[in-house]
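Undergrad: Here is how the chains run, residue by residue.
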Amino acid sequence: MAYGQTRALPSAWTSLDTAGSMQQAQDALETYKKKDPNKVVVRFKAVGNAPIMKQNFYKITASNRFQAVIQFLRKELGWKAGDPLFTYINLAFSPAPDDTVTNLFKSFATDGHLIVNYSTTAAWG
Amino acid sequence: MSTYAPRHHAPSAFSTPASTTLFRRLTWEGTVPLEIRVDSKELPANSDRGLECYYIQAPRVSYLPLVVPEIKRFLMDVVFDEAAARIIKEEDWWFESEEGSLLKWHWPIGLIYDSHTITSSLRPDSSSSQTTPLRLILHLASPPTDKLLLSPSAEACKQAFMGQLKEADFIRWGNTKRMTGLRKAEQDGLWEGIKEHNFEEYWRVAAKITPTTSPTRSTSPPPPPSSASMHTRPPSADPGSTAAPDRDGAYSVRSVPVRIYLPDGPVLQDLVPPTLEDGTVHTLAKFLATHLPLLFPPGKPPLAYALVQGVHVPSDAEMAWLGACMAGADGWVNVCVGIVRDSHPRF
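Heads up: the sequence lines are chains A and B, in that order. The first sequence begins at 0 in numbering that gives the first Met the number 0 and counts up one residue at a time. The second sequence begins at 0 in numbering that gives the first Met the number 0 and counts up one residue at a time.
For reference, chain A alone in the conformation it holds in the complex (with noise of 0.2 Å):
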């Protein structure tokens, strides 16, 4: 067994069989799909002849997905449903909609802000 040294592992451990090894996997799949009750700050930045947002801070809820930022974003404008709108993190990509907040902030916050940036027009398209 790769596990070798039996006697130091508490029983439930070397009595395990398939059933219990399952139910093991499923609970820690259960703790991974725990949503991140954590919020972040994103900061908005415009870019171009976008309107300028007269508070540009916000804490947003962590496992939100990006798309909810999207929308969020399109409320505080004013933006009608069609009325074009891009939005990018740090000037250089737009992300998938369904990443989350999370993912993005871990990979790209800058000084402990996301920044997204919004544009009438698409920019580094």
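Don't read these hints as lab results, they were simulated from the structure. Don't take every hint at face value.
Unchecked claim - The calculated DSS-like cross-link candidates involving lysine-lysine, where the alpha carbons are at most 27 Å apart (straight line), are:
#1 58(A) <-> 79(A)
#2 146(B) <-> 88(B)
#3 79(A) <-> 88(B)
#4 32(A) <-> 53(A)
#5 285(B) <-> 105(A)
#6 146(B) <-> 71(B)
#7 74(A) <-> 38(A)
#8 146(B) <-> 74(A)
#9 58(A) <-> 32(A)
#10 33(A) <-> 53(A)
#11 146(B) <-> 38(A)
#12 146(B) <-> 79(A)
#13 71(B) <-> 88(B)
#14 33(A) <-> 299(B)
#15 176(B) <-> 146(B)
#16 33(A) <-> 105(A)
#17 146(B) <-> 33(A)
#18 33(A) <-> 285(B)
#19 105(A) <-> 176(B)
#20 44(A) <-> 79(A)
#21 34(A) <-> 74(A)
#22 194(B) <-> 183(B)
#23 207(B) <-> 44(A)
#24 105(A) <-> 146(B)
#25 146(B) <-> 58(A)
#26 146(B) <-> 34(A)
#27 32(A) <-> 299(B)
On the provided structure of chain A, position chain B as indicated by the hints.
TA: For chain B alone, coordinates are given in the frame of chain A:
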């Protein structure tokens, strides 16, 4: 065999340009079987019901909007009658798995397939899931646009693909200069390569943005990967090396673009440096033990397995190598994690 040339030549049994090309080609040529069935409730009147199923062996690197034209041609020619063919609008089409989960337009088909495989690993009757085609239901009306997130057009899919490539570029180098440095025709060539499933056309451009794997130091043969690669620094990361630093090398990146997919569950993304703080090479085993310790407990048998491009990857595979040789066409290494059952080979 291929027309693109790696920028660094160094003879090495471990990671020659030939082996890099081989793994890139194997990744590129991977296909998955799909069975596409029109939702029987939505079949137009007078359709030929015996034939409403279509089978396709789709490239892993392709996307659903790119196979829609072929499916449409089949349905128009064989299944629908003329009256139905006139009113069918492919803008209203959308796909669902047999189990009822929506299939995203902007996910590579290989990822859709692997994601379904790992989700099936939770079900008791999953042993045959690897050998049968992935069964898709094609709906002809009322797309749930808010959940699909993207319009079903090939153009929207291309924009999403370019976004992923740029995000991968940013992850690797901290900027997108390599992507933005490409001419428009070159950027379009990447997408054309996927549309045509043309390895040479895609890699002619992709070689300019993907890290190389050739070591810069060629004086001594590298150690065999199985025994020593877990413990030694790669030549390109060795501060004593006299060779010029390989600024495009797989070990020079800031981070490898990697996402973890869990069954039915969240997608996890974090920075994945090619070498760890203690100077050792970052391997898949270390990566999984760090990010999913409950499924890959250190010193104990794993409760889960990891698929990359449908392959059970050895746990000592190096993250940097995966990024250079087994990433999808969008630049991302998708690690799909399934639950170990007796029928699954263990890590």
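Undergrad: Taking each numbered hint in turn, which are not upheld by the structure, reported in ascending numerical order?
TA: Hints 4, 10, 15, 23 are the ones this structure does not satisfy, whereas the remaining hints hold.
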